[in-house]
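S.K.: Residue-level listing of the chains:
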Amino acid sequence: MSVSELPVKQVLSKGPIQLLTVVGVFVLGMLIVPDFATFSSIQAMLVIASFLGVAAIGQTFVVLIGGIDLSVPALIGAGNVIAARLAGNGMPSPVVILIVLGLGALCGAINGIVTSLWKLPSLVVTLATASVVGGAVLLWTNATLTGSAPQWLTTFTSAASGTGPIPLAPVVVLWLVLALLAQLFILRTKSGRQIYLLGANREAARLMLVSERGITTVCFALSGALAALSGLLLTGFTGAGLFTVGDPYLFQSIAAVVIGGTSLLGGRGGIVRSVLGSLTLVALTTLLIGLSLTSAAQQAVLGAVIVAVTALYGRDRALGDRI
Amino acid sequence: MIAKLAGLRRSPLAVVVTLVAILLVVNISLTPSMLAPAQLPNTLNLLVPSVLVAMASTPSVMSGRGGIDLSVGPLLGVVNVFLVGLLVPYGLGGAGTAIPILLVLGIVTGLVSGALVAFGRLQPVVVTLGGYLVLSGVALVVMPQPVGGVPDWVSYLSGSWFGGYLPRSVLLVVVAVAVWLFLKRRGAIGLILATGSDDRAAHTSGVRVSRVLCLAYATGGLFAALAGIGLSVLIQSGDPSIGKQYTLAAVAAVALGGNPLGGGRGTLVGPILGALSLFLIQTLLSGAHVSSLWIQVVYGAVLLFAICTNSSIASRLTARPALGSP
Amino acid sequence: MSNAVVEARALSKRFGATKAVVDGSLSVAPGEIVALLGENGSGKSTLVKLLSGVLTPDQGEITVAGRPVRLRSPKAALDAGIVTVFQEILAARDRSVLDNLWLGNGSPIRSRAAVARRRELAGQAWRSLTGSDLDLDQPVGQLTLMQQQICVIVRALLRNPKLLILDEATSTLDVTLRDRLFDELRRRCAEGMACLFISHRMDEVMTIADGFAALRSGQVVGTRRRGETDAEELIRLISGREVGLGTPVRTARSTREDVTAVQLEDVRLRPGSQPFDAVVQRGEIVGLAGLEGHGQDELIKALAGLHRVHEGRLLLRHGEELRPVSGYRSGVADGVVYVPRDRKVEGMADVLPIIDNYSVPTLAQDRRFGFLRPRLTRSRFRRDAATVNFKPGKQDSIGRLSGGNQQKVIIARWLAAQPEVILLNDPTRGVDLKTKHELYEVFRGLAATGVAVVMLSSEVDELVHLMDRVLVFHDGSLSAELDGAAVTGEALVSAYFGSPRRELDRSGT
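Chains as they are written, first to last, in the numbering used here: chain F, 17 to 339; chain S, -17 to 308; chain U, 12 to 520.
You may find that some hints are simply not true.
[As the list claims (entries may be wrong)] Cut-off 25 Å, straight-line C-alpha distance, at most; resulting in silico cross-link-like pairs (DMTMM-like, lysine to aspartate or glutamate):
#1 F/K206 x U/D407
#2 U/K445 x U/D34
#3 U/K355 x F/E228
#4 U/K86 x F/D332
#5 F/K206 x U/D345
#6 S/K226 x F/D263
#7 U/K405 x F/E228
#8 F/K206 x U/D34
#9 F/K135 x U/D90
#10 F/K206 x U/E131
#11 S/K166 x U/D395
#12 U/K402 x U/D345
#13 F/K135 x U/D353
#14 U/K30 x F/D332
#15 U/K355 x U/E322
#16 U/K173 x U/D148
#17 S/K166 x U/D146
#18 U/K445 x U/E99
#19 U/K405 x U/E431
#20 U/K355 x F/D263
#21 F/K206 x U/D395
#22 U/K405 x U/D395
#23 U/K86 x F/E219
#24 U/K173 x U/E202
#25 U/K445 x U/D221
#26 U/K355 x F/D337
#27 U/K402 x U/D361
#28 U/K445 x U/D486
#29 U/K30 x F/D337
#30 U/K405 x F/D332
#31 S/K166 x U/D148
#32 U/K405 x U/E449
#33 U/K355 x F/D332
#34 U/K402 x U/E452
Treat the hints as calculated values from the structure; they're not laboratory data.
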């Protein structure tokens, strides 16, 4: 009974459809698009997926407690800009990483505290903090490209580099390790189990000694830290800091979670599902690019596919079954 | 009088009414020209799409299930782009043809979302998130670059009557409000709220819940189409990407207006005033020549403050006997 | 019967591999009240849902006044004159009472005159059922549970049903209101309405029903007329075996220890109410009773640390000393646990697995080196499940269990916290007779191990049969404290209405 067995077990027992979806999209890509499944193409897809995937892990925590985090793109942008700016000024990387993670966690924690203290919908709270954070970062950088990425980070996120003997970019390995840790947290710690209870029934959770404020704060803080981390990693990929780099991740991070099959109503789902959701989303995007669709058409098709895929397994129970 | 005041203080509208009052006073004292006939049409033209889009989000939020129509913003864009990029080149740009086509476009889009939520049993956030992407994409496919050239009636709507005191674009809001009052009179709004409060109760009481949900989203779509026309009046051109930014403003306006995002309760006046206060913040700051980036920060802070205050009022309002049952 | 209002012939409904209803046949004549009897899981709820259009049958036929109908939706059933009050209170909590009473009924157009007319009719209906008035403009969510229940009943009555189905609609009503409801039903039935009545309370069923239909494993196994049967036979019919009709299981005298577990000193529940003292010893079962909303609920919540009494001291044993109640969380740490009244809302998370619903408050016990060991959780669940006589089946999520089994899991959850005092807020509500008796055994067993059991109950039989002592509340004050043999139906009911305490004490002991 080793730790590494856990996610596999969960995938097989709870997420066969999600796994099939990834495989399905992938096979479709192989059939339609030439060179879709070459090794270098897969490596590149995994790198792209890891930026999304790291943020989606955080989003999953929030969705599991029945919330939604709209501040993800702002925090990705903030992480990206801060990392590039500080690193460009010659600050040592470990300090940069700590600052970025700390600020991300702090913003997230504020989201969580405000949400739970005033019993507010997280959608609006995170929208408001995103606005504040975004404005502040843009004021700081005058909304321009800024800073630069340290060399090691560029290598870390390059699809061509490997991790020791593993032929995957270090950022991909980091993503999978983070997913594993998150899964361990959620399955094998007291707080992890309490997350599900809080998401499934707030009132019952309170009577079962779950601290609503504590758990909510932890989940949002994790989401904030992981979004900021994703932004930092993106610096390696983009080479410099630009706030708007986070913009596509607003809907993508939610879509990855939803396509993975975690219910937006809370209490049902898991981290592994969001890993699969991120993979599906990236494979799908690659497929659409391979079909040489314009970015506009890609977006339209992607939107339709999100709805269609969710219709496969994300449907609510019929009214008659809920009575 | 005192009782009335006390009633207002406990009302979910209290925060937004206060906010609007304060902002109006400050705005007018700083820039008295705001209400002058020379300025008023421009001011209101700017305001009309924001108000309409806030109204467009209202029925879906009321209908519950975590319902929120994220696709209203891009729908604005699609309506604008359809008008300038398709109808005008094909000679359908006249008011008599274009307006019905655009309104039907909005209603049908809303109906599709509503049907996916009601019959497809999909979560509204997923459906309208998908709708957001589809509509943004469609707008860009129809019109990759902004182009000018609006029909005459759109230019006409940007003008005003009575020497500048009554801008014509306000007509769009009047139409939307009239539709709303009609639906209210027909009991439809009550059914939307009842469905939002407890869809199972509504279903077992013989309410056709699926139809009610479709109606809610279709109404939102209609208002979004009116907002799209308002947007065309404002920018006097076609722009595929400008509509998107209205989605988040609409959510903010609804929340500011005191409508709970969980559905089942709420007013139309709230979101309208919410949109008005967001607009006034913007004019205040730009009037004071503050960087537009500051606007974003203030905007977020005000939103946060307002919903926190709203929530404390709401929790007093709905104070139930301890733990649901005495 | 050709004159039946509604007749069901050989209805069947399956969910996947489970056959919920195999042969649902019954008919109800005008003016007749038929009780539908069956244990939980016997298919009662499914049959009700088939008749009310919530579900459609796989096979079989429903006829209304002799004509076959297809009830595709609740609306179709309502249009056919079949009106159902469901087990769960289904009301739009944010909407006003008036809106709820007319929800889905009649033309929705709101002219001033129509609204006034509706207000008048609704007010009349409310008054005729309850004998009192209510502000019809307040949201239903602000009503008490009982008022909400009345609201859905009045809503049904306002539709002038041909067949009224009451699926455990009496479970939150107090005795007075239940009797008023029965009067109303008889009045309506005299005018030709038919009624299908479902309740787990044998006394209610025997009082009101003209006919009985017993359901077992999805099949109607027998129908009887009033007068040609008795409760014993009906119970035999629905359970398929001999079960005693709840003879008193009171045996606790020997187990009661003279150690005070709970002590109340000069407690005033509300500003205007009389102060009182009371104690609960370890090893006894003390009932809290009264009409709905007369203070018993406030007291049990106050003991749990979820409510504040107006004045006075609530003391709980803590080792050698008695300490005031300080809060819910610290209460659990001190061995005071609380089983809430509304399972679905407060008691459990119905989409989550049974084991999570059991383990979360006590997960710290399963931690080794900072991480949980699921094996430890499972083994202690087996232990506590055995104590409450719960046999885990194939179901994973707790929502799929019957109400009684859900309650067992919830009680097992709190046994894991090793309680000294267990507070039960109407724990057998909506639980079938057989499981009810199993729960009584569990409570008895707990008391025998020295746990003090404080249990709020709204059922007279239960109070008479189970409790060592009963504290009866009236208008926020303690109106009687009945001990042992003094706990009788008559004594309880008279105390419900606030008869002087002393007089009752004399007549009791």
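S.K.: Quickly compare the C-alpha distance for U/K30 and F/D337 to 25 Å and report which way the hint goes.
M.R.: Judged against 25 Å, a Cα distance of about 15 Å means the pair holds.
S.K.: Holds or violated: U/K405 and U/E449, Cα atoms, limit 25 Å.
M.R.: holds (21 Å)
S.K.: Would you mind confirming whether the straight-line C-alpha gap from F/K135 to U/D90 stays at or under 25 Å?
M.R.: violated (41 Å)
S.K.: Between F/K206 and U/D34, is the straight-line Cα distance small enough, at 25 Å or below?
M.R.: violated (47 Å)
S.K.: Going straight from one Cα to the other, do U/K402 and U/E452 come out at no more than 25 Å?
M.R.: It holds: about 15 Å lies between the C-alpha atoms, which stays within 25 Å.
S.K.: Please work out if U/K445 and U/D221 have their alpha carbons no farther apart than 25 Å.
M.R.: holds (24 Å)
S.K.: For U/K355 and F/E228, compute the direct alpha-carbon distance and say whether it is at most 25 Å.
M.R.: With Cα atoms ~19 Å apart, U/K355 and F/E228 stay inside 25 Å; holds.
S.K.: Please verify whether U/K405 and F/D332 have alpha carbons no more than 25 Å apart.
M.R.: Holds, at roughly 23 Å.
S.K.: Would the pair F/K206 and U/E131 pass a check requiring their Cα atoms to be no farther apart than 25 Å?
M.R.: violated (55 Å)
S.K.: With the threshold set at 25 Å, check whether the alpha-carbon distance from U/K86 to F/E219 stays at or below it.
M.R.: Answer violated: U/K86 to F/E219 is near 32 Å, above 25 Å.
S.K.: If you draw a straight line from the CA of U/K405 to the CA of F/E228, is it 25 Å or shorter?
M.R.: violated (31 Å)
S.K.: CA of U/K173 to CA of U/E202, is that 25 Å or under?
M.R.: OK: U/K173 and U/E202 at ~10 Å, within 25 Å.
This entry does not satisfy hints 7, 8, 9, 10, 11, 12, 15, 16, 19, 20, 23, 28, going by the numbered hints stated previously.
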